[in-house]
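Given the coordinates of chain P, assemble chains A and W onto it according to the supplied hints.
Heads up: the protein sequence lines correspond to chains P, A and W, in order.
In terms of the numbering used here, the first sequence has 239 at position 239, counting the first letter as 1, and numbering is strictly consecutive.
In terms of the numbering used here, the second sequence has 25 at position 25, counting the first letter as 1, and numbering is strictly consecutive.
In terms of the numbering used here, the third sequence has 150 at position 150, counting the first letter as 1, and numbering is strictly consecutive.
Bear in mind the hints are in silico, worked out from the structure with no lab data behind them.
One thing to keep in mind: the hints can contain errors.
Subject to a maximum C-alpha distance of 20 Å in a straight line, what follows is the list of computed SDA-like cross-link-like pairs (lysine to any residue) [to be verified]:
hint: 1; chain 1: P; residue 1: Lys208; chain 2: P; residue 2: Lys224
hint: 2; chain 1: W; residue 1: Lys39; chain 2: P; residue 2: Ala99
hint: 3; chain 1: P; residue 1: Lys248; chain 2: A; residue 2: Asp92
hint: 4; chain 1: W; residue 1: Lys208; chain 2: W; residue 2: Asp239
hint: 5; chain 1: A; residue 1: Lys39; chain 2: W; residue 2: Asn76
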Amino acid sequence: MSWNRRHVLSLADFSVEEYNTVLQTASSFREVLTRRTKKVPTLQGQVVANLFFEPSTRTRSSFELAAKRLSADTLNFAASTSSITKGETILDTAKTYLAMGTDMMVIRHKEAGVPQAIADEMDRLNVKVGVLNAGDGQHEHPSQALLDLFTICSLMDVEKPRSTLLEGKKIAIVGDILHSRVARSNIWSLTASGAEVHLAAPPTLLPKEFADFVKTSNPEISRKLFIHWTLEPALIDADFVMTLRLQKERMTSHLLPSLREYHQQFGITRDRLKLCNPDVRVLHPGPVNRGVEISSDLMDDPVLSLISQQVTSGVAVRMALLYLMGGGKVG
Amino acid sequence: MSWNRRHVLSLADFSVEEYNTVLQTASSFREVLTRRTKKVPTLQGQVVANLFFEPSTRTRSSFELAAKRLSADTLNFAASTSSITKGETILDTAKTYLAMGTDMMVIRHKEAGVPQAIADEMDRLNVKVGVLNAGDGQHEHPSQALLDLFTICSLMDVEKPRSTLLEGKKIAIVGDILHSRVARSNIWSLTASGAEVHLAAPPTLLPKEFADFVKTSNPEISRKLFIHWTLEPALIDADFVMTLRLQKERMTSHLLPSLREYHQQFGITRDRLKLCNPDVRVLHPGPVNRGVEISSDLMDDPVLSLISQQVTSGVAVRMALLYLMGGGKVG
Amino acid sequence: MSWNRRHVLSLADFSVEEYNTVLQTASSFREVLTRRTKKVPTLQGQVVANLFFEPSTRTRSSFELAAKRLSADTLNFAASTSSITKGETILDTAKTYLAMGTDMMVIRHKEAGVPQAIADEMDRLNVKVGVLNAGDGQHEHPSQALLDLFTICSLMDVEKPRSTLLEGKKIAIVGDILHSRVARSNIWSLTASGAEVHLAAPPTLLPKEFADFVKTSNPEISRKLFIHWTLEPALIDADFVMTLRLQKERMTSHLLPSLREYHQQFGITRDRLKLCNPDVRVLHPGPVNRGVEISSDLMDDPVLSLISQQVTSGVAVRMALLYLMGGGKVG
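In isolation and in its complexed conformation, chain P is listed as follows:
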């Protein structure tokens, strides 16, 4: 077990040991979640503030539940009813929650870098408050990539999920790569785990410069990252297919012809999965546009689709992250 982080902001510099620490910790919390009383007293009397400057029900509920199951008190901040509209800066909002006695902050913002800026400020103030990035712009969404990793590794070894299980696996990530913080975080975690990652999207959603940038920012992963502007080469022999949510507003901004054409070219269907490894599984971070990113019947397939398991993994992984960050604080 290796953990020295106060904050979880990006997976770009996560080590294999850290991935495994998260996976093992999440695994033990998954066991807690099968009990009738799905609660542990770990964070009793501590306060987890969910500062969601961008609205989200799903992710906020998942973090809120994770915090409650660790017996923490939670505070929910929603931008719509906030002082933000009164002219207060984001850092000032964060410092207000700090001054109230918040122990950990879970932050979502539509601008990349906001969680990092808040974490930097907390460090500068020398307060032992952990900051967790719950999605910042098109930058990163580390807890999503970690729950994807946990879902995949648990499928391969439910007792001992570990990142080395991904060694040599082929994983396709399909869809709006350019605008996806989920894709970015997954590229780090999957390549670090030894998988081959194949990105597939129309060129407007996956410019060549994107892959170039990623590869040059970390030459290590350049051998493991491949880009395709058609779907088929990404799917051939793939072990896992990750589909990404398509923001419908992409269409109005002329990056896409129509949802129907997108589905014809990049939608995942049972038929297309025949190109993959026979044991292939499909993931999607949700919420799903049925019949766009993925066909409706495939989404509901209890074997092929891991979408429901991803949501369940989310609570366990977020409990693990809060636990590890809070433990860092105790020490």
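For chains A and W alone, kept in the frame of chain P given last:
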């Protein structure tokens, strides 16, 4: 005590035994609510998700408090900040909350049948999650009718509220019957308890076809259900008068002349209650338009008005329902 | 220790003993907040309803956290999603929460007098429910003034904060006095504690009639209250400078020339503080418009600015108020 339901969706097929089980259980929780520490550990570690696709403060707070007093953790979903706007289907939202580990779902939706559809899906998935209808369109609002029943029966015998106390009583339901889920649920519970139910409303809000439909759908109740297009015959010798909330938008859709005229013809006042049984009491599901459905001074009358008791009953009845549904799960 | 109040609505008639009771109680709760488990079981099983008819994240979170740290259950009511829009009166909303079993109500409303009206109604109904004014129009915001008092007195004697420490101190209150409920509450608490209060603002935001009115309503304080239409005389030898939030809408209503001019004339900067006592400290109730009421670097000064301590004090003071009001209920 008789209880075999996982879900509470409609009162159309509730048995007398089931009504009595709810009344007795609510009665024991009412006792808890008189203590200084108004809490029991029954649902500790369980999660009750309030999925309110239609906004409501009053009902949502009542369910939230009932869940908290059973020591459950609660998750609140409000449509306004939700993924619904992102194109996710309602069933997918429910399945997301299921996958997070929700044990019971309390659902309100402006379309009739949504709670039933979610319950069907939960059963199809073979998960032991209870679904409670907190109001679906113009269909049913069972917990409201059960709290009305509890309020009335407790008035007649506070120690042993039971549905047979209503045998032979005359109950007037006055107002916008056509659009009222509260009226529909009450028709089932009151007639099943042996009361005579007299509906009174202008013909636009109580079409003849409505009563015909109800009677043919359950011939049992046709002897006990009467319709009137004026107020007086419903009030004569009535033991209880239930007024319904009037949606002001009915007027703009030409179903009503004006609020003043409505009040003149169907508003409940002290004076009009002289037609009733001398012990008559008045109910209203709230929120009240003072001076429209009911005169302001009558609403505040501590003897004649049961409105405040209805709200108090609401918490006890909802605790009872969550307890019984959760107990069904334990077994 | 002296406390006989069920409600906290205004500081106009607070006694020195009452101020000291709040300060001492808050002091003991501050100690609780330094522990790892920042929670006491004082209000276990009781319900604190936050009825915020005017939106606020900061104050609502502070009260919510105070209630949770006393182990109370909390209900949050936000006007935007409420029955208010359905035509229910405010008193009816309060009575609904009462009937559900609320033990204490924390109320914010844009109209002065609403908390008082609700408290009067609770007393009339002879129910032992405490009402706390969390800001009503331009009238009062007592918990803010009490946390300001606690912050100042704790600075002077952290072990035994007491109001007599303010005897003979000079305190400047700068800004939009006319529209500020914070200023009004502070005028009562600071003058009652023996301080000299110097108000400074442009005449449009501090009409002569304002001071006249305050003085005649309580002749006791007329010796201790001074008004200035320029900044300098208020700052000279001041021990504390309280800046007030400037509502930007004041400008559009022609009460102010521009934010820049306001800052030039009344903005607090390091340079201007040279007029004050060398140990001067600056307060602001937040949220701050950086560079308007106060210069950005001064706001962040860890010695000169007490803004962060005010927020921390807020939780302790609100715990104290809920505790004292709840204890009043027990007795």
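Kindly indicate which numbered hints from before are broken by the structure, ordering the numbers from low to high.
4
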